[in-house]
Amino acid sequence: MKVTVTVNGGEVAAEVADRTLLVHFLRDVAGLTATNVGCDTSSCGACTVLLDGRSVKSCTVLAAQADGRQVTTVEGLSSGSEELHPVQQAFRAEHGLQCGFCTPGMVMASVSLLAENPSPTEDEVRSALEGNLCRCTGYHNIVRAVLAAASERRPS
Amino acid sequence: MIPAPFTYQRASSVDEALELAARAGEDAKFLAGGHSLMPLMKLRLAVPETLIDIGRLGELSYVRADDGHIAVGALTTHDDIARSDLLASELPLLAHAASQIGDPQVRHCGTIGGSLAHSDPAADLPAVAVALGATFVARGRRSGTREIAAGDFFLSLFETVLEPGELLTEIRIPKPQSAGWSFQKFAKRGIDWAIVGVAVQGPNVALVNMGSTPIRARGVEQALAAGSGPREAAAHAAEGTSASDDLNGPRAYREHLARVLVGRALAEAASRG
Ligand SMILES: Cc1cc2nc3c(=O)[nH]c(=O)nc-3n(C[C@H](O)[C@H](O)[C@H](O)COP(=O)(O)OP(=O)(O)OC[C@H]3O[C@@H](n4cnc5c(N)ncnc54)[C@H](O)[C@@H]3O)c2cc1C
Ligand code: FES
Ligand code: FES
Chain A
1 MKVTVTVNGG EVAAEVADRT LLVHFLRDVA GLTATNVGCD TSSCGACTVL LDGRSVKSCT
61 VLAAQADGRQ VTTVEGLSSG SEELHPVQQA FRAEHGLQCG FCTPGMVMAS VSLLAENPSP
121 TEDEVRSALE GNLCRCTGYH NIVRAVLAAA SERRPS
Chain B
1 MIPAPFTYQR ASSVDEALEL AARAGEDAKF LAGGHSLMPL MKLRLAVPET LIDIGRLGEL
61 SYVRADDGHI AVGALTTHDD IARSDLLASE LPLLAHAASQ IGDPQVRHCG TIGGSLAHSD
121 PAADLPAVAV ALGATFVARG RRSGTREIAA GDFFLSLFET VLEPGELLTE IRIPKPQSAG
181 WSFQKFAKRG IDWAIVGVAV QGPNVALVNM GSTPIRARGV EQALAAGSGP REAAAHAAEG
241 TSASDDLNGP RAYREHLARV LVGRALAEAA SRG
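As you go down the protein sequences, you meet chains A and B in turn.
With my numbering applied, the first sequence corresponds to residues 1 to 156, in that order.
With my numbering applied, the second sequence corresponds to residues 1 to 273, in that order.
If you're looking for bench data, these hints aren't it; they were derived computationally from the structure.
Here a beta-carbon is modelled for each residue, glycine too, at the ideal position from N, C-alpha and C.
Be careful, since some hints might not be right.
Facing chain A, a subset of chain B residues (Cβ under 7 angstroms, in silico) [as the list claims (entries may be wrong)]:
#	residue
1	Q9
2	M38
3	L40
4	A46
5	P48
6	P104
7	L157
8	F158
The shape of chain A in the complex, shown without the other chains (with noise of 0.2 angstroms):
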């Protein structure tokens, strides 16, 4: 079927079978191979970008489900190391990765998070990047790294 998703302000449009992944879609299609596969089972959150502003696992969507929506992978944060994302660069600052394997996922949970609030608790980030696993950073800076994020936002 023909799928047209507006990737990081852009439209990609191009005919692909009905099981395609969203996940295939942005790296194999539109070529943007920051979204990372971990488990490929929905547990992991690697392969997390916001679809209408929001997380979700490519993985475990359809190309076909995305068709004519919005989507925001980690490439479309900024427009290059120059000039980081108020998140990336809190990840930087905060040595929240080591391998980054999971960074773009992390990320973009995290940008999801304070899009939905803006001053969470430690607890509350916590709680919502339960859906993404990091198998080196551990988890510690990581959680700085968004309430840093998060008070760097914040207007003091």
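Once you've looked at the hints, dock chain B with the ligands against the given chain A.
Below, chain B with the ligands alone, put in the same frame as chain A:
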């Protein structure tokens, strides 16, 4: 992992969904949030020939107060339920249980209708619906519109009284007579399904994952009605259950958990009553 090939169709109204389902026949499935169906399809445990996407039926996504009951559209997501002010004040059991499902990504996609129609004994909302004495509204081309009591709806694992092509449209929940409520869920990690769960609303006690469907803990309810205290009543929690033995724990462990969790739930409900 990708699902086996299928034909994707999208419905833009309830009538169209029923029409597409009737045309596609027995090997068609509705796709709501996809968060139970898609994992099964990726594992090739479900191999439907046609998927009818009902995910955009905005007409079935709502929470509203009707005459004496609250109506929740079948396509309302877990996240919308968890964030509903109306539910927080009128049916806190439902709002809270929805907030405990999976993780934010799952709650952004999964729907109450999908959770009920899927009939997984480990799912939370079926037991909550039973404890709340909910009624489900279904529409089918042959059966027309009918109402089904939550207690009659679930037949076994992945099996309900819904006929092929019949769509769950609304969940109606009477305003509780008695305010005390509690939802207890025991899982190893935050994201996990309940090994055992308990939903209490007033005198009603329903168990998650203690059999192939959600079940009322009748022994507990009778003990409460006869004047027993929470601890005494909770001792009856495993009566009449048929919990499974699996990697998450043997049956005896689940029975123990049921007694412990019912005890906690009754105490918490009493403190809110
Ligand atoms: C990682 C993960 C963790 C989870 N954790 C939990 C948890 O802790 N607790 C819990 O309860 N659930 C959990 N779930 C399941 C989640 O709640 C699902 O969203 C829900 O069970 C199914 O809803 P859905 O809208 O995604 O349905 P779908 O997957 O789209 O559909 C499920 C089934 O119901 C049918 N169906 C859907 N809607 C209708 C309708 N309106 N009428 C008739 N038939 C319909 C479909 O044809 C299909 O057979 C988890 C899921 C994942 C992926
Ligand atoms: S790859 Fe999607 S949740 Fe792990
Ligand atoms: S940074 Fe390596 S998995 Fe998280």
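Evaluated hints:
Proximity of B/Q9 to chain A is violated relative to the hint, the smallest CB-CB distance being about 9 angstroms (cut-off 7 angstroms). For B/M38, the interface hint holds, the least distance from its beta-carbon to any beta-carbon of chain A being 5 angstroms, beneath 7 angstroms. Here the hint on B/L40 is broken, as its CB sits about 11 angstroms from the closest CB of chain A, past 7 angstroms. Hint status for B/A46 relative to chain A: violated, with the closest Cβ pair at about 12 angstroms, above 7 angstroms.
Interface hint status for B/P48: violated, as the beta-carbon distance to the closest one in chain A is roughly 11 angstroms, over 7 angstroms. Evaluation of the B/P104 hint against chain A yields a held restraint, the C-beta minimum of about 6 angstroms falling below 7 angstroms. A least Cβ separation of about 19 angstroms between B/L157 and chain A goes past the 7 angstroms threshold, and the interface hint is therefore violated. Hint status for B/F158 relative to chain A: violated, with the closest Cβ pair at about 18 angstroms, above 7 angstroms.
Of the hints listed earlier, those the structure fails to meet are numbers 1, 3, 4, 5, 7, 8, in rising order.
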